[in-house]
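> Given only the sequences and the hints, what does the whole structure look like? Please build it.
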Amino acid sequence: MTVSLQTEPIDVVAEYAALVGEAPGAAVATFTGYVRNYTGEDPVGALELEHYPEMALSVLEELGQQAAERFGLLRWRIVHRFGVLPVSETIVWVGAMADHRGEAISACECMMDTLKTDAPFWKREQGPSGARWVASCEHDGQRRERWKRSEERT
Amino acid sequence: MSITIKLFASLREALGESEFQLELGAIPVENEVSSVITVASIKAALSARGSQWHDALNQPNLVHALNHKVVYVDAIVADGDELALFPPMTGG
Chain A
1 MTVSLQTEPI DVVAEYAALV GEAPGAAVAT FTGYVRNYTG EDPVGALELE
51 HYPEMALSVL EELGQQAAER FGLLRWRIVH RFGVLPVSET IVWVGAMADH
101 RGEAISACEC MMDTLKTDAP FWKREQGPSG ARWVASCEHD GQRRERWKRS
151 EERT
Chain B
1001 MSITIKLFAS LREALGESEF QLELGAIPVE NEVSSVITVA SIKAALSARG
1051 SQWHDALNQP NLVHALNHKV VYVDAIVADG DELALFPPMT GG
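In the order they appear, the protein sequences are chains A and B.
Sequential numbering of the first sequence, starting at 1, is according to our numbering.
Sequential numbering of the second sequence, starting at 1001, is according to our numbering.
Be aware that one or more of the hints could be misleading.
For each label pair, taking beta carbons as the anchor points, the in silico distance ranges come out as [unchecked claim]: (1) 1060(B) - 45(A): 41 to 49 angstroms; (2) 146(A) - 1073(B): 23 to 31 angstroms; (3) 1035(B) - 62(A): 31 to 39 angstroms; (4) 1019(B) - 2(A): 26 to 34 angstroms; (5) 146(A) - 1060(B): 18 to 26 angstroms; (6) 1070(B) - 69(A): 15 to 23 angstroms; (7) 32(A) - 1014(B): 45 to 53 angstroms.
Derived lysine to any residue pairs resembling SDA-like cross-links, with alpha carbons at most 20 angstroms apart [said to hold, decoys possible]: (8) 1006(B) - 147(A); (9) 1069(B) - 57(A); (10) 1006(B) - 1082(B); (11) 148(A) - 1063(B); (12) 1069(B) - 35(A); (13) 1006(B) - 82(A); (14) 1069(B) - 5(A); (15) 1069(B) - 1035(B); (16) 1069(B) - 1049(B); (17) 1069(B) - 106(A); (18) 1006(B) - 66(A); (19) 1069(B) - 61(A); (20) 1069(B) - 53(A); (21) 1006(B) - 1035(B); (22) 1006(B) - 133(A); (23) 148(A) - 1071(B); (24) 1043(B) - 1074(B); (25) 1069(B) - 144(A); (26) 148(A) - 1054(B); (27) 1069(B) - 62(A); (28) 1069(B) - 58(A); (29) 1006(B) - 54(A); (30) 1006(B) - 1064(B); (31) 148(A) - 1069(B); (32) 1006(B) - 83(A); (33) 148(A) - 1088(B); (34) 1006(B) - 1074(B); (35) 1069(B) - 117(A); (36) 1043(B) - 1064(B); (37) 1069(B) - 118(A); (38) 1069(B) - 1025(B); (39) 1069(B) - 145(A); (40) 1006(B) - 53(A).
Quick caveat, the hints were computed from the structure, so don't treat them as lab data.
All values reported here derive from a predicted model rather than from experimental measurement.
Cβ atoms here follow ideal geometry from the backbone N, Cα and C, with glycine treated the same way.
If you want it as structure tokens, here you go:
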């Protein structure tokens, strides 16, 4: 299926409709990520997302195709924004259609966990005391590893 | 014989450059036997530009992507390649 990198807000209703189409599979799962208005106790005014366009596109296409093969997806779609994103706006949307709920839900989670650590995007938060780069999170790395380990088991 | 270097996020900011060409002729080869240039050779050559470059390029967890694929520092670099250097990714 397809990947979109865009500056404009994600139209989740249109994305859902396009994913499902006229002949839905038995199970559709989606995930939408939004800009938070805080990190820990620090307020966030907006989020800047820097990206490496050519690599981001190839990494997202590859991880979508891998998820499709692994979970037997009928359809999938990944949309990721870049640029300056105001609080409460969408950042990322993933959708997966499969024959059963387990595969659809797992595919969404796998795509999100992989995307977090493998796709070249970098967040910088704008707050009252200026802008600061968001540090990578150990928890995200552990979630990513979980999918690698289960790949090796199967 | 040159490659394109791209820097992103905090690394781009720290070094004040986002993209430049690097002549491979000026890079010392890995050793006399193999005579190849690796990502490590490139990093060593750029690190010699000054303490700011040295510190930025030798920070732990620096990621190297050669032609859009994440690689280890022993990856071999060839004419026309694109080598991107950046901190761990934080998308999603």
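> Hint by hint, say whether it matches the structure.
Structure-based check of all given hints:
1. 1060(B) - 45(A): 41 to 49 angstroms: violated, 30 angstroms
2. 146(A) - 1073(B): 23 to 31 angstroms: Given about 27 angstroms between the Cβ atoms, the range holds.
3. 1035(B) - 62(A): 31 to 39 angstroms: holds, 33 angstroms
4. 1019(B) - 2(A): 26 to 34 angstroms: With a Cβ separation near 28 angstroms, residue 1019(B) and residue 2(A) satisfy 26 to 34 angstroms, so the hint holds.
5. 146(A) - 1060(B): 18 to 26 angstroms: holds, 23 angstroms
6. 1070(B) - 69(A): 15 to 23 angstroms: Because 20 angstroms falls inside the window, the suggested range holds.
7. 32(A) - 1014(B): 45 to 53 angstroms: Distance hint for residue 32(A), residue 1014(B) is violated at roughly 33 angstroms.
8. 1006(B) - 147(A): Roughly 30 angstroms separates the two Cα atoms, so the pair is violated.
9. 1069(B) - 57(A): holds, 12 angstroms
10. 1006(B) - 1082(B): holds, 7 angstroms
11. 148(A) - 1063(B): It holds: about 19 angstroms lies between the C-alpha atoms, which stays within 20 angstroms.
12. 1069(B) - 35(A): violated, 28 angstroms
13. 1006(B) - 82(A): holds, 18 angstroms
14. 1069(B) - 5(A): holds, 18 angstroms
15. 1069(B) - 1035(B): Between residue 1069(B) and residue 1035(B) the Cα gap is close to 23 angstroms, so the pair fails against 20 angstroms, i.e. violated.
16. 1069(B) - 1049(B): Since the Cα atoms of residue 1069(B) and residue 1049(B) sit roughly 26 angstroms apart, the hinted pair is violated (cutoff 20 angstroms).
17. 1069(B) - 106(A): Violated: residue 1069(B) and residue 106(A) sit about 25 angstroms apart, past 20 angstroms.
18. 1006(B) - 66(A): Distance of about 27 angstroms is beyond 20 angstroms: violated.
19. 1069(B) - 61(A): holds, 13 angstroms
20. 1069(B) - 53(A): holds, 13 angstroms
21. 1006(B) - 1035(B): violated, 24 angstroms
22. 1006(B) - 133(A): Roughly 18 angstroms between the alpha carbons, so the hint for residue 1006(B) and residue 133(A) holds.
23. 148(A) - 1071(B): holds, 17 angstroms
24. 1043(B) - 1074(B): Within the cut-off at roughly 11 angstroms; holds.
25. 1069(B) - 144(A): holds, 17 angstroms
26. 148(A) - 1054(B): Violated, at roughly 33 angstroms.
27. 1069(B) - 62(A): Between residue 1069(B) and residue 62(A) the Cα gap is close to 11 angstroms, so the pair holds against 20 angstroms.
28. 1069(B) - 58(A): Distance of about 9 angstroms is within 20 angstroms: holds.
29. 1006(B) - 54(A): holds, 12 angstroms
30. 1006(B) - 1064(B): Holds - the C-alpha atoms of residue 1064(B) and residue 1006(B) are around 10 angstroms apart, at most 20 angstroms.
31. 148(A) - 1069(B): Cα-Cα ~17 angstroms, so holds.
32. 1006(B) - 83(A): holds, 18 angstroms
33. 148(A) - 1088(B): holds, 18 angstroms
34. 1006(B) - 1074(B): The hint holds at about 18 angstroms.
35. 1069(B) - 117(A): holds, 13 angstroms
36. 1043(B) - 1064(B): Given pair residue 1043(B), residue 1064(B) holds - Cα atoms ~10 angstroms apart, limit 20 angstroms.
37. 1069(B) - 118(A): holds, 10 angstroms
38. 1069(B) - 1025(B): violated, 24 angstroms
39. 1069(B) - 145(A): holds, 18 angstroms
40. 1006(B) - 53(A): holds, 12 angstroms
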